[in-house]
Amino acid sequence: MAEKPKKPQELVQSIEYKPPRKRWMDTPVEFHKGTFNYSAAVDKLKYLDLPYPRKWQPTEEDWQLPDNWQEIIHKGFKDRLDKYRSFRVFMDICVRCGACADKCHYFIGSGDPRNMPVLRAELLRSVYRNDFTTAGKILGGLAGGRKLTVKVLKEWFYYFYQCTECRRCSVFCPYGIDTAEITMMARELLNLVGLNIDWICTPAANCFRTGNHLGIQPHGFKDSIEFAVDELEELTGVRVNAPINKKGAEILFVAPSADYFASPHYYTLLGYLALFHEVGLDYTWSSYASEGGNFGLFHSYETMKRLNSKIYMEAKRLGVKWVLGGECGHMWRVIHQYMDTLNGPADFLEVPVSPITGTKFEHARSTRMVHIMEFTSDLIRHNKIKLDPGRNDHWRVTFHDSCNPARAMGLIEEPRYVINHVCNNFIEMPENTIKEQTFCCGSGSGLGTDENMEMRLRGGLPRANAVKFVHEKNDVNILLCICAIDKATLPPLLEYWVPDVEVGGIHEMVGNALVMTGENERLTDLRGTPYPEKEGGENV
Amino acid sequence: MAIFQHGSVSIDVDEDGFMQEPDKWNEEVAKALATTEGVDDMTEDHWKLVNYLRDYYLKYGIAPMIRKLCKETGFSLKKVYELFPSGPAKGACKVAGLSKPTGCV
Numbered sequence: 037m038a039e040k041p042k043k044p045q046e047l048v049q050s051i052e053y054k055p056p057r058k059r060w061m062d063t064p065v066e067f068h069k070g071t072f073n074y075s076a077a078v079d080k081l082k083y084l085d086l087p088y089p090r091k092w093q094p095t096e097e098d099w100q101l102p103d104n105w106q107e108i109i110h111k112g113f114k115d116r117l118d119k120y121r122s123f124r125v126f127m128d129i130c131v132r133c134g135a136c137a138d139k140c141h142y143f144i145g146s147g148d149p150r151n152m153p154v155l156r157a158e159l160l161r162s163v164y165r166n167d168f169t170t171a172g173k174i175l176g177g178l179a180g181g182r183k184l185t186v187k188v189l190k191e192w193f194y195y196f197y198q199c200t201e202c203r204r205c206s207v208f209c210p211y212g213i214d215t216a217e218i219t220m221m222a223r224e225l226l227n228l229v230g231l232n233i234d235w236i237c238t239p240a241a242n243c244f245r246t247g248n249h250l251g252i253q254p255h256g257f258k259d260s261i262e263f264a265v266d267e268l269e270e271l272t273g274v275r276v277n278a279p280i281n282k283k284g285a286e287i288l289f290v291a292p293s294a295d296y297f298a299s300p301h302y303y304t305l306l307g308y309l310a311l312f313h314e315v316g317l318d319y320t321w322s323s324y325a326s327e328g329g330n331f332g333l334f335h336s337y338e339t340m341k342r343l344n345s346k347i348y349m350e351a352k353r354l355g356v357k358w359v360l361g362g363e364c365g366h367m368w369r370v371i372h373q374y375m376d377t378l379n380g381p382a383d384f385l386e387v388p389v390s391p392i393t394g395t396k397f398e399h400a401r402s403t404r405m406v407h408i409m410e411f412t413s414d415l416i417r418h419n420k421i422k423l424d425p426g427r428n429d430h431w432r433v434t435f436h437d438s439c440n441p442a443r444a445m446g447l448i449e450e451p452r453y454v455i456n457h458v459c460n461n462f463i464e465m466p467e468n469t470i471k472e473q474t475f476c477c478g479s480g481s482g483l484g485t486d487e488n489m490e491m492r493l494r495g496g497l498p499r500a501n502a503v504k505f506v507h508e509k510n511d512v513n514i515l516l517c518i519c520a521i522d523k524a525t526l527p528p529l530l531e532y533w534v535p536d537v538e539v540g541g542i543h544e545m546v547g548n549a550l551v552m553t554g555e556n557e558r559l560t561d562l563r564g565t566p567y568p569e570k571e572g573g574e575n576v
Numbered sequence: 014m015a016i017f018q019h020g021s022v023s024i025d026v027d028e029d030g031f032m033q034e035p036d037k038w039n040e041e042v043a044k045a046l047a048t049t050e051g052v053d054d055m056t057e058d059h060w061k062l063v064n065y066l067r068d069y070y071l072k073y074g075i076a077p078m079i080r081k082l083c084k085e086t087g088f089s090l091k092k093v094y095e096l097f098p099s100g101p102a103k104g105a106c107k108v109a110g111l112s113k114p115t116g117c118v
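Protein sequence lines, in the order shown, are assigned to chains A and B.
Residue 37 is where the first sequence starts when you use the numbering used here, and the numbers rise one by one after that.
Residue 14 is where the second sequence starts when you use the numbering used here, and the numbers rise one by one after that.
Bound-form chain B, shown alone (with noise of 0.2 angstroms):
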């Protein structure tokens, strides 16, 4: 557990920086962790993806089927891991303030 800042953002993550407190995410905050994530400009497709998975996760708790992800935002797997290196689990929803996928994934 560590916090992490970045300019005006200063919250808890874990090991892998993922936010801890989902709660406390914002539009700032998202900026903030892209750049964990070597993304320093959010283009319109981030923020597609990123409130995508925010609105899934208000709604059920947790980040949507990794397909169903890629159908209802247009987006291919490959683009995906285009617009987060680190791909739709460990880098989207990281920077969408999801927690971390566990298990057999």
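In isolation and in its complexed conformation, chain A is listed as follows (with noise of 0.2 angstroms):
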């Protein structure tokens, strides 16, 4: 059982801001229990033929290291340098203004310096200083510059696995200095000496085996649909059609895969298969691309690369037209900001046009892939679904943007508009803490595991203190993300800082909402939760 962590005021106690009085350079890490996640399984880094698999742990003093695992991190150093130009500018341009200090979660609920964006940073600036820049090869460390040796390469692993990839700090840098790429060059180094986290590996090896993170295979998958397929005609009256694998659909649907494996994600696929079956959607599932999200992104380019092309792989077998994705965080991210040079641009695939209303998405035009919240908002804008936003007046909302469709595809408006459709009670948290300034859920990017969940309390905290506010002040009393790590990770988040707060999808609020054509009076919703009776023994 998992250790129970520090109560919530201890927490808070034991953040002290005072850096320590030595240099950070002379600090060594210390892998304290709760705030650091176990190496990757030796079976799945050989599955995905990943370098160096074996058995260690980072609180282990021996890391058994290659012999010449210097070599290698300069190596990998130098191709990354010269394989990206961002890199090397970000490596180069920062000035240590310290706008980013105070903008990261972890540096926010744990007050470790290290955590400040520009200091983490640091740790691997001052590596290149010495390594690859003229100053810090004569004067080392008077230009900032550093050997690499173990110790700082454990505190690489710490710290570049203290970081979610949010991207927070970033929308704050005078330079546009992408952090999270700074992050992604660290793993990718670390990676070269097999130093990697399992909850990152396992997912991918699962993903690359079976076509998901959780290692669902197709009889599975299909017992999962069908199961959600007859409880939503429990719920509803109505019988809908969710088709697996079918060739010539117009549409390939992907969503992440604890959709149909965890709550309250379920409730979500519940509100996804009402939708699409009554605007007579031509889609399909698969069970090959049964997943949206892409744990690669949070190990290496070439990793990120071989999951998403299953996704284009399997439209093309398929035939579709173009592709729908669901309520997924992180793969928004891939397929903006990544796939197009990944495995784009989709040409044989066509732009997307919502069969339903006839708009065009010209901005998938080179990915072909548009997120639901576009075309679900395409579908309320056409007025071509009937809505009863009083089937979730038992519920007081609030929106937690999750980072990646906030910053790495500026999907801000389409959710609140859904939102504002679909539910009467809708009080957002304070302005710097939504949208393009969102708050981490602080389990992102692969480190959602139990053995880290002091960190992640800490890296929580700012936005759950966002969530208490408007709880404490408006009632609010569900949390709505589009996001499946979110709807993982914020449930043990706001049991611990905000109880009485639910965790949901926005989709499930629509399939609340959704009048569907032969329905059944609505007793429940899509949890099962009975409607109050109204006057005269009418239900809601």
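Since the hints were made in silico from the structure, they are not lab data.
C-beta atoms are modelled at their ideal positions from N, C-alpha and C, and glycine is treated no differently.
Be aware that a few hints might be false.
Claimed, not checked - Restraint-style ranges between C-beta atoms, simulated for each label pair:
hint, chain 1, residue 1, chain 2, residue 2, range
1, B, ASP58, A, ASP511, 31 to 41 angstroms
2, B, GLY87, A, ARG245, 32 to 42 angstroms
3, B, ASP25, A, LYS509, 49 to 59 angstroms
4, A, GLU269, B, LYS72, 22 to 32 angstroms
Unchecked claim - Covered by chain B, according to a simulated footprint, are these stretches of chain A (three or more residues, beta-carbon under 8 angstroms):
hint, region
5, 235–241
6, 254–263
7, 297–305
8, 518–527
Unchecked claim - Cross-link-like lysine-lysine pairs, in silico, DSSO-like; alpha carbons within 30 angstroms at most:
hint, chain 1, residue 1, chain 2, residue 2
9, A, LYS258, B, LYS92
10, B, LYS84, A, LYS282
11, B, LYS37, A, LYS91
12, A, LYS258, B, LYS37
13, B, LYS61, A, LYS69
14, B, LYS113, A, LYS43
15, B, LYS103, A, LYS258
16, A, LYS396, A, LYS422
17, A, LYS91, B, LYS103
18, B, LYS92, B, LYS37
19, B, LYS91, A, LYS509
20, A, LYS341, A, LYS352
21, A, LYS504, B, LYS91
22, B, LYS72, A, LYS422
23, A, LYS42, B, LYS91
24, B, LYS72, A, LYS283
25, A, LYS258, B, LYS61
26, A, LYS341, A, LYS471
27, B, LYS91, A, LYS190
28, A, LYS504, B, LYS92
29, B, LYS91, A, LYS69
30, A, LYS42, B, LYS113
31, A, LYS183, A, LYS111
32, A, LYS190, B, LYS113
33, B, LYS113, A, LYS69
34, A, LYS91, A, LYS183
35, A, LYS173, A, LYS190
Put the two chains together into one complex; each comes in its own frame, and the hints tell you how they fit.
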């Protein structure tokens, strides 16, 4: 059983913003229980053909590095500086102004100076200066350089796996440094000497093997979707069709696998199924591309590319016109910012056009993939669905902008437009915690493990604090989000910091409000919670 | 990776105590693993849940959807947490000898 973390009050009181007396370079990293992740399982590394699979754990003194590990990292560093001009610019351009320093949820929740994005990047930048700049080569420490030692490597592992690649800091950087890309480079370098975490490599290996992070095989996938179809019929009286691997369908729909496995994700799945049926969408699920998420993004370019290609290979095989994506977070960072050069352009598909409204999604001209919030808000805009927002009156909702849809694709207004049409009680959290400035759930980019729970609770504190504000002031009782990691990690976070606030997806609310042709009177919402009796005995 | 020993039971487990070779699961193993979850007495309800998971796992190679688990055993999620305080995935699945679900869960 997981050990109970500190009490909330104790955790808050343990946050100390005063930096240690010693210089950061002289302060060794300590692997505290609850603040790091386990190493990757050997069989999963082998499955992905990743280098130097071996048994080791971060708490052990000897990480069993290959003999020439320094040479490997130096070469890897050089290769990446040559390959990515952006990486070299990010290494050179930072003036250490500190605008990012207090913008990181991990810094706010831990007070550890090395969690200031500027200093986290400096962990890498110091080695860059020493090895790749003239000043650093000559002056070493005086020019802010330092040699790559085992101590430095351990520091990299600890702190680059204490960054969720959420990019809130980047919003405030006057130079526009993409700090997530610095973390991505550091993780790639760590991978070169076999330092990986299990919560990233096991889902990636599973996805490569069975099509999804959970390792669900096709017959299990079918079983889950069919169960949802049956239950939706019980709830609404409407039997929907949910085709799987249907060749020639117009649209391939790809959702995160947790939507057909976990709760509260599942209620969002019911919402998708109800909506697609009601508008008569000619679509298909796929058991091969049964994952929207891409844990490869958290690992390396190569792994991201391999996992991303499955969606497009399947779109080609099934002969669909375009791809619709579900309530997934980091999937959209991959699609919107990397897919085009990873596996694109997907010119064997068509530029997406909504078959219901005729809207052409011009912005998806290259990736041929549309976010479900865009799709649904367009349906509502064209009055194509009938909605009864009163069926969500038991919810007082607020919306957590999931980091990647908000910051990586600018999906700010569409979710709000939909919420405002399906819910009567929508209350925003404070402005500096939403939209582009949204605070991370604290568990993204593969860090959502039990062993990392203390760090997750610390990192999630700013988000939870904003929820607490609207809970106490406006009686908010549900936090909506459009990312499966959010749906998995916000419930324990809120249970810890703000009990009595639930977590749900926007399409769960859509499913509740959607008036379906031929439906029975709804006695419960999609969670099975009975609606209160209306005066005159009529149910809402 | 470690060896978990309890009475006559000795099995390989991962860092979270999940067994590594699910084929070696039996009722004795389940009882032994249950002690690590704070369950010293496996009641009829505990077995109902564990056996359901086990059967599903043998058929599909994975745990069922949480919603399905609740519906088919007749236990609410709250009840599942009462039976196994770490919850369906980390508690009940562990005792049933399943591997840990990973990803956005």
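- Message: If you test the structure against every hint from before, which numbers come out violated?
- Response: When the structure is compared with the hints, numbers 13, 22, 27 turn out to be violated.
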